[in-house]
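There are 4 protein chains.
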Amino acid sequence: MIAILKPNTTAEQQKSFTDWLKNQGLDVHISNGQFQTVIGLIGDTTKIDADLIASLSMVEAVRRVSDPFKSANRKFHPDDSVIDCSGVKIGGGNFAVIAGPCSVESEEQLTSIARDVKTFGCDMLRGGAFKPRTSPYDFQGLKAEGIELLIKAKKETGLPIVTEIMNANHLDLFEEVDVIQVGARNMQNFELLKELGKTNKPILLKRGLSSTIKEWLMSAEYIMAGGNEKVILCERGIRTFDSQYTRNCLDLSAVPVLKELTHLPVVIDPSHATGSSKYVKSMALAAVAAGADGLMTEVHSDPINALCDGAQSLTPEQFGDMMNAVVSVRNALKGIL
Amino acid sequence: MIAILKPNTTAEQQKSFTDWLKNQGLDVHISNGQFQTVIGLIGDTTKIDADLIASLSMVEAVRRVSDPFKSANRKFHPDDSVIDCSGVKIGGGNFAVIAGPCSVESEEQLTSIARDVKTFGCDMLRGGAFKPRTSPYDFQGLKAEGIELLIKAKKETGLPIVTEIMNANHLDLFEEVDVIQVGARNMQNFELLKELGKTNKPILLKRGLSSTIKEWLMSAEYIMAGGNEKVILCERGIRTFDSQYTRNCLDLSAVPVLKELTHLPVVIDPSHATGSSKYVKSMALAAVAAGADGLMTEVHSDPINALCDGAQSLTPEQFGDMMNAVVSVRNALKGIL
Amino acid sequence: MIAILKPNTTAEQQKSFTDWLKNQGLDVHISNGQFQTVIGLIGDTTKIDADLIASLSMVEAVRRVSDPFKSANRKFHPDDSVIDCSGVKIGGGNFAVIAGPCSVESEEQLTSIARDVKTFGCDMLRGGAFKPRTSPYDFQGLKAEGIELLIKAKKETGLPIVTEIMNANHLDLFEEVDVIQVGARNMQNFELLKELGKTNKPILLKRGLSSTIKEWLMSAEYIMAGGNEKVILCERGIRTFDSQYTRNCLDLSAVPVLKELTHLPVVIDPSHATGSSKYVKSMALAAVAAGADGLMTEVHSDPINALCDGAQSLTPEQFGDMMNAVVSVRNALKGIL
Amino acid sequence: MIAILKPNTTAEQQKSFTDWLKNQGLDVHISNGQFQTVIGLIGDTTKIDADLIASLSMVEAVRRVSDPFKSANRKFHPDDSVIDCSGVKIGGGNFAVIAGPCSVESEEQLTSIARDVKTFGCDMLRGGAFKPRTSPYDFQGLKAEGIELLIKAKKETGLPIVTEIMNANHLDLFEEVDVIQVGARNMQNFELLKELGKTNKPILLKRGLSSTIKEWLMSAEYIMAGGNEKVILCERGIRTFDSQYTRNCLDLSAVPVLKELTHLPVVIDPSHATGSSKYVKSMALAAVAAGADGLMTEVHSDPINALCDGAQSLTPEQFGDMMNAVVSVRNALKGIL
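Chains as they are written, first to last, in numbering that gives the first Met the number 0: chain F, 0 to 336; chain Y, 0 to 336; chain D, 0 to 336; chain G, 0 to 336.
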């Protein structure tokens, strides 16, 4: 960490500041320039509050030199992580597509969709059992029964299953779940993240609606710091000033940015990002071209009667059409990205 | 709910749409205008997905006529709610000030600050025991020990105590806590909200960093739907495009908006909103002038050595100065707001 | 336009409201539903202030049924517009790439870059002569001399030229410019737009940093209402809460949204969107896959010595590499989008 | 300016970098720390592109130490500026209220409102003659005739007049205008700002909808760099993710932030910020309590028939009520702020 002092700082003020820093267990390196003095803080600065230092009257500016994320940092782990999801690999050149209904509604609904998406090349089945809804009066999911239906569909089709957790107390129910999803609204539910850090299951960590990329990586870090390094990042649209035509704004530049910062795989969810099935295909193709490691899309056989998010669900046929285009673009990109 | 059909909708399409609506258990009222047909949906529309209907090819626009929040709605509860926090009232003309350190650090620190803020007219003591931190490597709070120290300080000073909960499993530890705080990052931790709805303690519900006012009221609704109507709303700054000089943007127009929409009391936290002690006084006064029911500010006897958020903490003397000004402005406003 | 009345509106209030509407020259269609009354406003509602009506005490909600943009609206012009830029076509399946330096610096610099980008398949040459800079102390461009150098480079290479206008008084200087660019900061400089509406040159209209898609189309409408229908829309990144790793957030979902709303061509500028040359290629490919009609990228032979925006400029070699990949993805998409 | 090099930078790379900096006319001060090397750039760094340097592979981070604004900077001008608007002073303890209709509609309308607001203590009259409207089909103002009516109202009442300019070519029409307003959409119309810098009239510079405080000060700097130091800053709400209940979000923390950064006076416009007359009074009082130097509010005798922005206009009686409250709060704050 570097602190730049204001031009008129007295020697006494400077000494009082460096003494305080030394009391925090840091070494201090002072560089007196012609126009400013720069104090280099050497040692474990992770516990130092940069905002506090910036607020001191003698300090012009403060800057952390090193990234606050360690386990997720590509600098210390240059190779792409490849996450094995019960046989389906993602990352390091392995591309995976996750599809299924927003909510699990019935055995028949789920198994039928599962078979359909498998036919079109889907790698994993998604379906919501516990549903985070803005309103307490909306359908909250089939819960434990929903997970049982997912397990049945997995046995029937062989597709690994992905479903969202909202409460660490439910972990027992997730024993046969292959990938545990953390939703956007729980991205900074640190108590949940810590518990997931103690498991050894792949975690699909969605980006919060207004979370910075750095905050997102710090949430991954919560899981990884607990010992579970199997984190898959999922961008699903951020909140901006304009939501008239799309529910959120898909931030595709997050893909190359994350590829630079971290070794973790990055998946794009065009369904939640746009909120509208008519924009899913073009955003899925854009995600592939941007270098994403996978896609997550909602598919429903009967969107108009879906219990939630029908507006953004593809029919199985539309999903098949999207998959054909995805394969074409991926082939075109071989050796290019 | 109202659905406006596109001009070129055929009679057949219209019939298929209204049949579908009737199957959902709704009555339908059709109004054929010169330029458009408006379908009124009559009955319990809370389970109807407005986005789904808007996505149908024949539908031009959809609009919910009624607010999705019920218990929090001023329409059904015209008088201000007055929340009793172990003797300290808030709302309906009762103004309360909550102050204390960001984190509980030691018995000495907490009791000393508690005595100081009480002297200057503070009504309740705040202090963080469980701390939600962006980084897993930052200080996470004294946890159970922190709550014990708060209880000691309460016994010593008589001030009711306010502290944050991050996990419903910790509820047992909060038995002697007077007001339970839900932090911004947990505003949509619906599992936590549901559990708090089963308690009978006042809940201070902070607004999420990028939560709309409607989403915030729906989170209050989660608590109230469980039977606990003692919700205090706390605005603490929202996230915008500019965070160079203040950490967040304090949305003071939320005060008159909430006064219109809901009967629940509204408290302002200028410390987290600005992130800088030098802006706290002016924003506290602005909050009072805007009609807020209370303030929540961070106070620390030794900000530079605080374990978290020292940059935004007032010293006890600065707090006293702020309180004098608050009293002046409140007196000036008597009979005006 | 539709106004929904509050449930407790009296007959007298309703009459006073409809009388007022009739005085505004509108016909009124009243639909009394079981739970609400809907007033349809028939006639020219473009002059009616929807916010004003919404503010009336008896009105629950107001909704415009028709889009406020006419000339740009695909509903009234179903086929894609094809804009001819001195022989280079864009839109309706015609894809065009515009490249060149941020600022025109010298004849040698510009001609050298122009030759290079032409070799790699660029269709038009861009270069800033009048530069909108945040600071009055920054380089403001070579102005008239810059335009002369662009014209020389055009004669030398045959590439049509694109350059930004900041003041309608400069229009005389733009006689030999092929496409006139309106920058993001001038998207709502309505006086400038009106003057450009009187010319018959193609206008490349960049989206404002925080302009909604509807506002952007209304700005296109200003130009088209004056008689000039040759408008090319250019998305160049919007402003969000996160600007640590990219300067702006490229909103690629604007591409399919605009394809639905308007017949005008859409070009993507990944250089300004990301602010970093290392992210330009992946965002250019994503733009192509999303269905954009063209790209606009900054290229400089010596980015480190560029007078502005060197950080986001590709070298000619990097541009060539990007173009190869663009061609591959476009080939893969034939018959798919 | 300070550049921090990456840990693994070779001596050769470092030399190539410092040589390049010296070629740019800068002196260089090198500080080799244990963990990083810091390069201090000494000399005129205003022409150096910080983004470019940050993009170099060997550079970890770059930081400007000095503010880019000079004339507006309080560091070089510690005392508050007092702007004299034809006899009405603003700044340095002088508080001024500007009121009037959104648009000038007729002599009768304007003079009647002018007399009313004067009675209630208003200091200056506002009224739009040239109106920037999102749609080319909306009322664009009475233009030259509107300015003539403002001049008549000024003669009648003695109130100095404030009106917006959209085009520097119209400056001749503004000879008898006392304060020229630059609207939010033109805050970065640099060509207009430069022309206003050549006048000697007070300029009321509104903040752009998504302009940072620093960009706003840089726009003031454009005017001041031309020789006109009479700039009044006007905050009128910024654009955020939530616009359901208020049109924009009034950023009141801008008041104390600007008071620290600049000597220029700061005025608040609660009418445009909220878009709703029912929220104007509480936000006006909050602005006063936050330390603003003045208010700008819309007043109309007949809001329902106003040609624009009727929803946000106070009636003269509501304005009088607001003014009484403003006086009370200002009295309460004497000696406090």
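Errors might be hidden in some of the hints.
To be verified - Quick partial rundown of chain F residues pointing at chain Y, CB under 8 Å, derived from the structure:
id, residue
1, Ala53
2, Met57
3, Glu59
4, Ala60
5, Met165
6, Asn188
7, Tyr221
To be verified - Ranges between beta-carbon positions, derived for each pair:
id, chain 1, residue 1, chain 2, residue 2, range
8, F, Asn22, G, Asp320, 53 to 59 Å
9, Y, Ser111, D, Asp50, 51 to 57 Å
10, G, Glu174, Y, Ile335, 38 to 44 Å
It is worth saying that the hints were derived from the structure and are not from the lab. For each residue, glycine too, the CB sits at the ideal point set by N, CA and C.
*Contradicted hints - numbers only*: 2, 3, 4
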